[in-house]
Structures are given as structure tokens and as C-alpha cells.
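Chemist: One-letter residues, chain by chain:
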Amino acid sequence: MSKEKVFILALETSCDETSASVVVDGREILSNVISSQVPVHRKFGGVVPEIASRKHIENVIPVVDKALSIAGVTLQEVTAVGVTYGPGLVGALLVGIAAAKALAFAVQKPLIGVNHLEGHIFANFLAYRELEPPFLALVVSGGHTSLVHVKEYNQFQLLGQTRDDAAGEAFDKVARVMGLPYPGGPQIDKLALLGNPTAIHFPRALSTPGSHEFSFSGLKSAVLNHLNHAAQHKEEANHADVAASFQAAVVEVLVAKTLEAAQECCVDKIVVSGGVAANSCLQSTLSQQAVNAGYSVYFPPPVLCTDNAAMIASRAYYKYLSGFTADLHLNAVPGLKLQ
Amino acid sequence: MVMIHTSSPEETLHLGQLLAALLKAGDVVCLCGDLGAGKTLLTKGIAAGLGVTEDVTSPTFTVLQVYEANPPIYHFDLYRLEHADELMDIGFDEFVSGSGIAIIEWADKFSDFMPEEYLRIEIMHGATPETRTIQVQPQGNRYESLVEELKKIAGSCFRNVNTGF
Numbered sequence: 001m002s003k004e005k006v007f008i009l010a011l012e013t014s015c016d017e018t019s020a021s022v023v024v025d026g027r028e029i030l031s032n033v034i035s036s037q038v039p040v041h042r043k044f045g046g047v048v049p050e051i052a053s054r055k056h057i058e059n060v061i062p063v064v065d066k067a068l069s070i071a072g073v074t075l076q077e078v079t080a081v082g083v084t085y086g087p088g089l090v091g092a093l094l095v096g097i098a099a100a101k102a103l104a105f106a107v108q109k110p111l112i113g114v115n116h117l118e119g120h121i122f123a124n125f126l127a128y129r130e131l132e133p134p135f136l137a138l139v140v141s142g143g144h145t146s147l148v149h150v151k152e153y154n155q156f157q158l159l160g161q162t163r164d165d166a167a168g169e170a171f172d173k174v175a176r177v178m179g180l181p182y183p184g185g186p187q188i189d190k191l192a193l194l195g196n197p198t199a200i201h202f203p204r205a206l207s208t209p210g211s212h213e214f215s216f217s218g219l220k221s222a223v224l225n226h227l228n229h230a231a232q233h234k235e236e237a238n239h240a241d242v243a244a245s246f247q248a249a250v251v252e253v254l255v256a257k258t259l260e261a262a263q264e265c266c267v268d269k270i271v272v273s274g275g276v277a278a279n280s281c282l283q284s285t286l287s288q289q290a291v292n293a294g295y296s297v298y299f300p301p302p303v304l305c306t307d308n309a310a311m312i313a314s315r316a317y318y319k320y321l322s323g324f325t326a327d328l329h330l331n332a333v334p335g336l337k338l339q
Numbered sequence: 001m002v003m004i005h006t007s008s009p010e011e012t013l014h015l016g017q018l019l020a021a022l023l024k025a026g027d028v029v030c031l032c033g034d035l036g037a038g039k040t041l042l043t044k045g046i047a048a049g050l051g052v053t054e055d056v057t058s059p060t061f062t063v064l065q066v067y068e069a070n071p072p073i074y075h076f077d078l079y080r081l082e083h084a085d086e087l088m089d090i091g092f093d094e095f096v097s098g099s100g101i102a103i104i105e106w107a108d109k110f111s112d113f114m115p116e117e118y119l120r121i122e123i124m125h126g127a128t129p130e131t132r133t134i135q136v137q138p139q140g141n142r143y144e145s146l147v148e149e150l151k152k153i154a155g156s157c158f159r160n161v162n163t164g165f
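The listed protein sequences derive, respectively, from chains B and W.
Those letters in the first sequence? Residues 1 to 339, per the working numbering, in order.
Those letters in the second sequence? Residues 1 to 165, per the working numbering, in order.
FYI, nobody ran anything at the bench for these hints, they're computed from the structure.
All of these numbers come straight from a predicted model, not from anything done at the bench.
Don't take each hint at face value.
Unchecked claim - Straight-line alpha carbon distances no greater than 30 Å define the calculated DSSO-like cross-link-like pairs of lysine-lysine that follow:
#, chain 1, residue 1, chain 2, residue 2
1, W, Lys109, B, Lys234
2, W, Lys24, W, Lys152
3, B, Lys5, B, Lys109
4, B, Lys151, B, Lys337
5, B, Lys337, W, Lys24
6, B, Lys109, B, Lys66
Sequences are here, hints too, so could you generate the full structure?
Modeler: Pasting the structure below:
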């Protein structure tokens, strides 16, 4: 007799997106609704970016309803409710937590608190059914740049993270100064294809072997100085070259540190996640160098790179299997670290 | 007010550490300056001066980061906010009138919504990429005396300090 399927309903409201999802057995997405896809949201003339927790309050129930209806699952049929409890903005997190508690309490089902960063890593389990720990994870987004040794489903070791700006933040800020539209990451990626990545040598911070920490603030300043210097001398900076050279500096550091960490952890798989995982230069450079060195590399599809509740549901499933449930005292932890 | 010229990121960090000694619970510091001016760097210095050992990272994405120190530090970044009513949504007033030290990057975006009294610090690029001119301006009695104290300390630590005005 096959074992009963586990349906996890998960909520994610840690930052800009309000998202709800239903995932079966941690691997199969039945629905993954993100607020910007919900027409009712437009009716309210949604603010972008929707930092406002008020927006989460308006969105959260319609998004949950839609996730359940697309999945064809009733709330009573849900096995457990997962929710992001940190890291993130406290007001935003509290909306998801309050809603998840109410839903779990209403149907007397377990509540599971999920670390957003762990969720990003688990996005890959949804895209690749065969993927299992141990592996090395690079989480690289607008808010995070972290190297994590995933030893087992519930065992993580943070090897290093950024000391200042996240990689995605550097992409967005450089793009803004070059007058490119938001979000800047994909725009730089596109523009870089037309430029020479060796035209300008921008600094590679903390590139000494053995350091798993990142720093992108100095690189951001160097790019801004280059652009300011050109403007002061009434010269036209070649934006395509700047984009390509900046991107090359970011990617070179990410790839080198990832490969070094993978070797140190004695793993044979590398898993990338977060918004910057969608960057074409990072994908091609890391794939090429990692495959040459004998690693398998996994990048999630774009929809799972951004903040979404499906990845939270996948993480919640593995916590559920191990009995890591929360009680109704679960609170937001804005500065939550990896366990 | 006082103008302090720093010649390296290390000096800017050091200025933050000096400032930390003058700040107390309930104080508000508004940081202004272009992208890459060194607002987060100065905050790193203040946090280090208050005994924070963890990395102080850019709060652009999260809008607010809290550091457990004595008193706690509320590090805001208003860069991504577009409307003043979003300040209410993030609990801005509660934190700013609270029991910690509030440090607010990109405060100029919402200058009408800042408290009556605060310390305004503007970081400007200097003649070379590493140098900065840092203008510290008091708003209210509490901060006027703070700036007087800063003049005394900074005068002995930095070669290039302009006081008066």
C-alpha cells in the first residue's frame, strides 16, 4: 500500500511578494500563486515594490484561496501549513504568520515555521526530482549572497555570506545609475552581451583563497566612480562595456568562491538559487567551470528563483517529516540565521 | 555644524566609532548622500562603536535591520520606499520614538516625515575616489550639544575639520 500523500499549504510574505502554494510530498507543485499574478491586486492599484504590509493583508487571503482552488485541494485536505518566519521585514512576516496560524488552527493541522533562506535552497528540489543532499548551495539574490553546505535535509552549515551589499543589490544599483529600468539585474545581463567584459578592470574583493565571505560594496563604488569620472570629463562611458565588466567581476568572484567551497565540503553537486541564479553569465560560467571540475550544477527555473511559496512548502515538508512543527506562539524573527 | 574630511574608508569607519560614543537611546541619525557615498560604512562604524560584532549589511532589501546592542540599533534604508504612507506600514514612528538608536539612510527622500530633532549627516564625494566630506548638522538642542562634543573629539582625531558656521 502506498503511503498517504502529504499536502503542504505554504505562505510567503517576507518581503515584496505575497505568495501561497500547495506542494505534494515536498516535490510536486500543484499551485504557486504570487501576488503580482492576481488580478484582484491590480484593482487596488498595487504599489510596486509592495513593501507595505498593508498590501500583504489585502492580498493574503485571495492568494491562499487561489492557491487552494488551482491545486484542487480544500483546506481540510491540507496535511500541514508552512510559513516563512524570517529573515525579512517584521511587519510583512507577521501578516503571513498570522494568516498561517489562523488557517492551521481552524482545521487543527500542524504549523511549520520556515527559514526563507532554506526555502530558496529547496526551490531546487521542486525542479529536480532526483536531487538529494549533500550538496553545496549558493543563494544569491537582492537580499542575500550566502554559501551553505547542505549536509542533510535538516542540517545546514553557513560557510560565509556578504559583509555589506548582496550581489543582486549591486546589480540593481549599478543599473539605476546607468538609467536602466527596474529590476536592473536582467537589464545588465542583456546589455553585457553587447560589451567587452575585459574593457575595464573592476576590483574583486576578498578574493584570497580560504575566505567564504563576499563584499560587493567596493565594486559598486568603483563602477559609480567610473561613471562619475566619465561624466565629469564630459565623456560618454560605454555602458555596454561597463555592464559586461561589472558583471564579469561579480560572476568571477561568485564562481571561484563556490568552486572552492564545494571542494572543501567534498560534495559533487552545486545548487544555485535566488534571483541572481537567473543571470545568464553566472549560469554559463559556473556550469562550464563546475562541469570541467567534475560537479553537477543545478539552477532552478526563473519562477522558482524569485520569492515564492512553493519553495517554502518544500522546506516545510521535510521539517514536517522530521516532526519540526511550531506552536501558535510562532513569531517573526526578522534577523533569522541559518540553524 | 561641523565638516569633517576623511581620506579613506577606514577613516569614515573610525568617525562612526567616535560618533557612537556620543549617541544614546532615543537618538535619531539621518544619513544622506549618493549611492556609494558610504552611508552603510558609517553605520558599520557606529554599530562597531556600540559593540555590535556581527556584520552590518546593507538594509536596502529588507528596509530595516535591528542589531541587538545596548541600546539596540534600528538601521533603516528608505531607498526602495516610494510613498510616505509606507513609513507607517514599516512601523517607522514606533521605532524612531523607541528605546534604541535609529539610523536612517536616504532620510532626505522623506524629510517632512522625520522627527523634530535629529542629527543630519551628509556624506559627499571628495576630490579623489577614496575621500569624503562629511557634514554633521544638528537639528534641535540635544544635537547641538552633541555636535559641540563631536567638534572636540574630531579635532584631535582628524587633520581636516572645519568648525564654526
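Chemist: For each hint, tell me whether it holds in the structure or not.
Modeler: Hint check:
A threshold of 30 Å between alpha carbons decides the hint, and for Lys109(W) with Lys234(B) the separation of about 28 Å falls inside it, so the pair holds. Straight-line distance between C-alpha atoms of Lys24(W) and Lys152(W) comes to about 18 Å, which keeps the hinted pair within the 30 Å bound. Our distance criterion of 30 Å between C-alpha atoms is met by Lys5(B) and Lys109(B), whose separation comes to about 15 Å. Annotation: proposed proximity of Lys151(B) to Lys337(B) holds, straight-line Cα distance about 17 Å (limit 30 Å).
Distance check on the hinted pair: Lys337(B) and Lys24(W) sit about 28 Å apart at the alpha-carbon level, within 30 Å; holds. Distance restraint check for Lys109(B) and Lys66(B): the Cα-Cα separation of roughly 20 Å lies within the 30 Å cut-off, and the hinted pair is therefore satisfied.
The structure meets every hint from the earlier list without exception.
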